[in-house]
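> Residues per chain, in single letters:
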Amino acid sequence: MTGAFRTTTGGRIDRARPLSFRFDGRAFTGCAGDTLASALLANGVHLAGRSFKYHRPRGILAAGAEEPNALVGIDRGPGRYAPNLRATQVEIHDGLVAESQNRTPSLRFDIAALADFAAPLIPAGFYYKTFMQPAGWWAKLYEPRIRAAAGLGRAPRGADPDRYTQRYAHCETLVVGAGPAGIAAARAAAARGDRVILCDEQAEPGGSLLAETRARIDGLCAQDWLAAALAELAAEPRVTILPRTTAFGYFAQNFVALAERVTDHLAVPDPNLPRERLWQVRAREVVLATGAIERPLVFPENDRPGIMLADSARTYLARYGVKPGCRALVLAAHDDAYGAALDLAAAGMEIALIVDPRPAADGELPRRAMAAGLPVRMSATVVGTRGRLRVHEAHVGTIGADGGVRGVDVVSCDTLLMSGGWTPSVHLHSQARGKLAFRADLQAFVPGATPQACRSVGACAGEFGLQAALGPATRVEDDPVREGGFAGALPHDRPRARAFVDFQNDVTAKDLTLALREGFRSIEHVKRYTTNGMATDQGKTSNINALAIVAAASGRAIPEVGLTSFRQPYTPVTFGAFAGTSRGELFDPVRTTPIHGWAVAQGAIFEDVGQWKRAHHFPRPGEDMHAAVRRECAAVRARAGIFDASTLGKIEVVGRDAAEFLERLYVNSWKKLEPGRCRYGILLNEAGFVIDDGVIGRLAPDRFHVTTTTGGAARVLSMMEDYVQTEWPDLQIWLTSTTEQWAVIAVQGPKAREILAPLTEGIDLSRDAFAHMAVREGRVAGVPARLFRVSFTGELGFEVNVPAGQGRAVWEAIWEQARRHDAVAYGTETMHVLRAEKGYIIVGQETDGTVVPDDLGLGWAIGKGKRDFVGKRSLSRPDIAAPGRKQLVGLLSADPGHVLDEGAQIVAMRDPPPGTPALGHVTSSYWSATLGRSIALALVADGRARHGQTLFAPMPGGAVPVAVTGPVFHDPEGRSLDG
Amino acid sequence: MTRYSLWSLLREGLTGHRGWPKAWRDPAPRPSYDVVIVGGGGHGLATAFYLARNHGIRNVAVLERGWIGQGNSGRNTTVIRSNYFFPESAAFYEFALRLYETSARELNFNTMVSQRGLITLSHSRHDLEGARRWVNAMHLNGIDSEMLTTADIARMVPDLDCSPGARHPIHGGFMQRRGGIARHDAVVWGYARAADALGVDIIQNCEVTGFVFDGPRAAGVQTSRGTIMAGRIGLAAAGHQSVLAGMAGFRLPLTTYALQAFVSEPLKPWLDKVVISPATGVYASQSDKGEIVLGGALDLYPSYAQRGNLPVAEHVMSGFLELFPSMARVRFLRQWAGMTDVVHDSSPIIGAAPVEGIWLNCGWGTGGFKAIPAGGWTFAHTIANQAPHPLVEGFGLDRFARGALIDEAAASGIAH
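First to last, the sequence lines map onto chains A and B. Heads up, the numbering used here is the position in the first sequence plus 1248, with the first residue counted as 1. Heads up, the numbering used here is the position in the second sequence plus 185, with the first residue counted as 1.
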């Protein structure tokens, strides 16, 4: 037995496959094919949740994605806790563990439900009006309490071990929703030969057909017809059917995102399967067949467990073989509720009374209900209910001709079913930026014109009934027209009672009218003030009722009030699905140089520079970083060191106008640079500020080898492309990123020439033949190479560029030679120290986007007499030449052993009062092994005029006095450059 | 104006809340005003309030195309902070934060300012050095800030992945304890109600379609509800400011981009700080309702369309999971986009427009919300005195011609 309320036959569940599951620690049995909601109802459990604000006991309201009340957490072990799932969408499997939320200590007894007693004092927006006195209590008392009371499910703990993936797909026709209209559209598209994707949020395709009990289609019962239609579609190789897949986002150019839940329904998931897949589908045409959502009715105390949507109750019976109770009162503002009553009565439920607020109902289903002897009262409504954890009686009153309600009869019932008609699911149409039109007969919005290749069919287009969904070619019998529909609040005679509109957020009809009274007229204001429609169901059952209440209360028509906007996602989607495989190293790729493996083998310590891993230093056994860096620095200055500079950005600039292009882009002069020579280039942005630098070599009249900073490689290439394509399309040049094509090995130090000489062919390395700032092509270690004679250390230096594939071999060959001269491999820290000793800047360290060349003492680099270059005009602005600019200086702390903090501010006073603007800040600071003391570079206001002054770096432990010097600490004459 | 208090709430509770007056009136526009503010967002409404309160200028209208707070004021991630680098910005945003701290009592509207602390993570040694420079600058500027070790951060944000094996491992960070969040709608409504009580007309559904000129001087605006003359016109239309400027015949150095934000389904208290992670491009906080609020970087292309796209959503959420790998099963509930008006030095523009009679408040980029009280205060001063408030002297339009840019993004490595 899988529950006392399970029928003996019927439905799509498998009674032969009982499944055990737990809810709040209690063991239950359900059937294969059950949702958690249907399995709980089969066991007589309606109480499934607590509301957000008042913690009112709530039951299962619906049978699908619109469920606002029955939210649960599902625990599948460490890292696998999922909060806030709708019980109506959770498929049970053997061993499922579910728990209710937002209650302490238990669902039946929740201490926070005390809030319900305070309800008269805490209507919509009450928190804007109070908690302001006394000062300080908000932060210490009120807010923490509010936060603790808010929230629904608990956050998972521990990393989620499951995988999430993404798929990209193109098709001619994407059909969203596999109900009758969607299946008809998919069949038509398949017949045309389209590639078709048919997705549906439910566990099995079929939509309303899965619970259709009356109609016959082409002579078959609905389920048989469905099985045949699906089999036909499944046999089409160009058709993909995706169950458990929600189309949740509709973007520009018919781009639709789908979330497929792959393994949640399995007791033992295949470890090779991802938990979810995010599909990104580009479709020629999108057919929306998303159906409609039944509308609750707003009447006093309409929120007790046992009060359900009528057609949802019928679905539980027809699809899951579950009777929602023993004795039902049906509040029917739409004919479909009569159909529900008929089906439930046929299954043996007692229909205590059908209450219809309409004066008359002469549709086919009401007539059948009356003919079947079901008791019906027209022009009546429910004005109250009783029952704390389950409804046990309803109070029925008569609506008079004046709209007032009189006379109350008490009807006992354990289930109250309601239907206010249907709201077409226009969410995706609206996300596609389609217009909406209001249909008074349905009391609902239906799709209007759309700017995208998208159409809505079936119930979501306001076309109800199987015949409309399936089209004239399909013969449908017993598909009576159903009429009715009501939006807004039903009349009642109980001024103090609460009639709920948004069940999850506890928004009542009175809250909505209060918002209007307080001047919140726009529906968006009403929504934000009352939080109506802001719950996890995003207003699926509440928006139209709220709109109608607002319209009625403010004397406007519903279309005049307008809708709040529909946004993605249609239903919530996991963060995991969005991230997909973009985690860890696939979130942000790790880039390594061709020499990386060698450095790893040598025990180098690495640092992250953007995406690159760079060797920071090469410690020997027993050395800490400082010791290693001192040793590396000393070795380079005394003998030589080799350094992996492969991360430098490299761009090949080629073409007739290559020199002209660089002339316009960089501050320097390029036209007169001879082939075989290099120059240090500086790049500004339009505002005149330094954004990149690097050595540029001219290999031929029409060919330049441009280097950029490591971090600037992509940015500089983009900027170059931008200028070529938009500003100077007349220039004949081609740009190619060659960063990853060249391995770059810097050989620096007095022994550099001797190290390279035995390996070099075709290049005369002698001082006279190969001067500083020259470039030559030849072979190094047998490999074609571009050899630059450049120095970022102040020592004699070469940079060997070889094809990346041979970088490691050439490095090892150079290393072999280097070892003979007792040279070292050095890392980025030593590189930083050596260049700082020489006052060479690093863009991004000595510059911060507010620095012009002259601030750095690099005004000399600007080509004299150049007509223009990027940023030139900005350099002529008055404030760029005004006194007070921060200029690059050297700083020597009074205590030579004190290494200043990088980022320390520089001020003129030892104890500056708060608010004193800094004169500047320390940009680089190191221990210099060469000088045997600390050194620092800084940007200081009017710095060049302050040489010799003492300034202060205020630190938490007291101000550190520093002397201002020039930025070049070592070998200012540059004697070492020639070795 | 009925004062809001626990007592008024109790009193009204006994009578079914029938006595609450409108939070603000719904007046028809009059033919002319001393000052017309275009844009009923936080900045426009705060400006109107301070014009009335600080300067006694009460014949003021705020014109809003749709409903007040429809633009960025209702579409942000509600972060407030003053952790700025340059003295000009630090002084300005600190003033804003101080006004926020007293805003609830000042406006008699609970703006739900929650100073829960804002942590900026450092994901590399270089980041850490930048953070130190930043903290030092804040100390000099007299603003609270403190460096944090990775252990400190792990203690304060237990589910943050502080392991050294993370793709962007956390090397430390710094915190402004007074930073936090506020309730964005409450800020809009609080200023609207307080301004209305001082006589300001808040006119919604009133779109400005052009300007009326008296010689070279702008003397009024044409609107969907008729012509409205104005002694002075203040433009505070955020992402659409450049469109208004175009109507008035001048250009602004603004580029408009969409900035997207995302919220999760509500969770019980989980994240007690605002966490900003420059390396993953994500920041996160938890609202008082329990939703996790995520933001990221701007969209890559200029646009005036208030809509999102999938790639940015994917990037933000994967960055979020890099920080919080336990959150993969939590679900994202809602997404929105605001239109940010970005200036290339990422500092705002407050001051005179090139057209006489028009004053500008714009260029807030992604950081307009946190600036609202100070933006309103200083803009009101600037309009009232026809001269910039001392706090915004550096933020005039002329700085682009002079070259006196205040480049916070460049200095701090993070956009506003």
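Please note that a few of the clues may not be correct.
Only pairs whose alpha carbons sit at most 27 Å apart, straight line, appear in this in silico BS3-like list of lysine-lysine [what the hints assert, rightly or not]:
id : chain 1 : residue 1 : chain 2 : residue 2
1  : B       : Lys458    : A       : Lys2112
2  : B       : Lys207    : A       : Lys1388
3  : A       : Lys1388   : B       : Lys474
4  : A       : Lys2112   : A       : Lys1919
5  : A       : Lys2114   : B       : Lys458
6  : A       : Lys1301   : B       : Lys453
7  : B       : Lys458    : B       : Lys474
8  : A       : Lys1301   : A       : Lys1388
Output of the computed footprint for chain A on chain B, the stretches with three or more beta carbons under 8 Å from beta carbons of chain A [claimed, not checked]:
id : stretch
9  : 189-197
10 : 228-238
11 : 391-404
12 : 417-430
13 : 440-453
14 : 499-505
15 : 541-551
Calculated from the structure, these hints are not laboratory results. All residues carry an ideal CB built from backbone N, CA and C; glycine is no exception.
> Would you mind marking each hint as holding or not holding in the structure?
Hints, verified against the model:
{"no.": "1", "hint": "B:Lys458 to A:Lys2112", "verdict": "54 Å, violated"}
{"no.": "2", "hint": "B:Lys207 to A:Lys1388", "verdict": "31 Å, violated"}
{"no.": "3", "hint": "A:Lys1388 to B:Lys474", "verdict": "17 Å, holds"}
{"no.": "4", "hint": "A:Lys2112 to A:Lys1919", "verdict": "12 Å, holds"}
{"no.": "5", "hint": "A:Lys2114 to B:Lys458", "verdict": "53 Å, violated"}
{"no.": "6", "hint": "A:Lys1301 to B:Lys453", "verdict": "13 Å, holds"}
{"no.": "7", "hint": "B:Lys458 to B:Lys474", "verdict": "15 Å, holds"}
{"no.": "8", "hint": "A:Lys1301 to A:Lys1388", "verdict": "21 Å, holds"}
{"no.": "9", "hint": "189-197", "verdict": "holds (count 6)"}
{"no.": "10", "hint": "228-238", "verdict": "violated (count 0)"}
{"no.": "11", "hint": "391-404", "verdict": "violated (count 0)"}
{"no.": "12", "hint": "417-430", "verdict": "violated (count 0)"}
{"no.": "13", "hint": "440-453", "verdict": "holds (count 5)"}
{"no.": "14", "hint": "499-505", "verdict": "holds (count 6)"}
{"no.": "15", "hint": "541-551", "verdict": "violated (count 0)"}
This entry does not satisfy hints 1, 2, 5, 10, 11, 12 and 15, going by the numbered hints stated previously.
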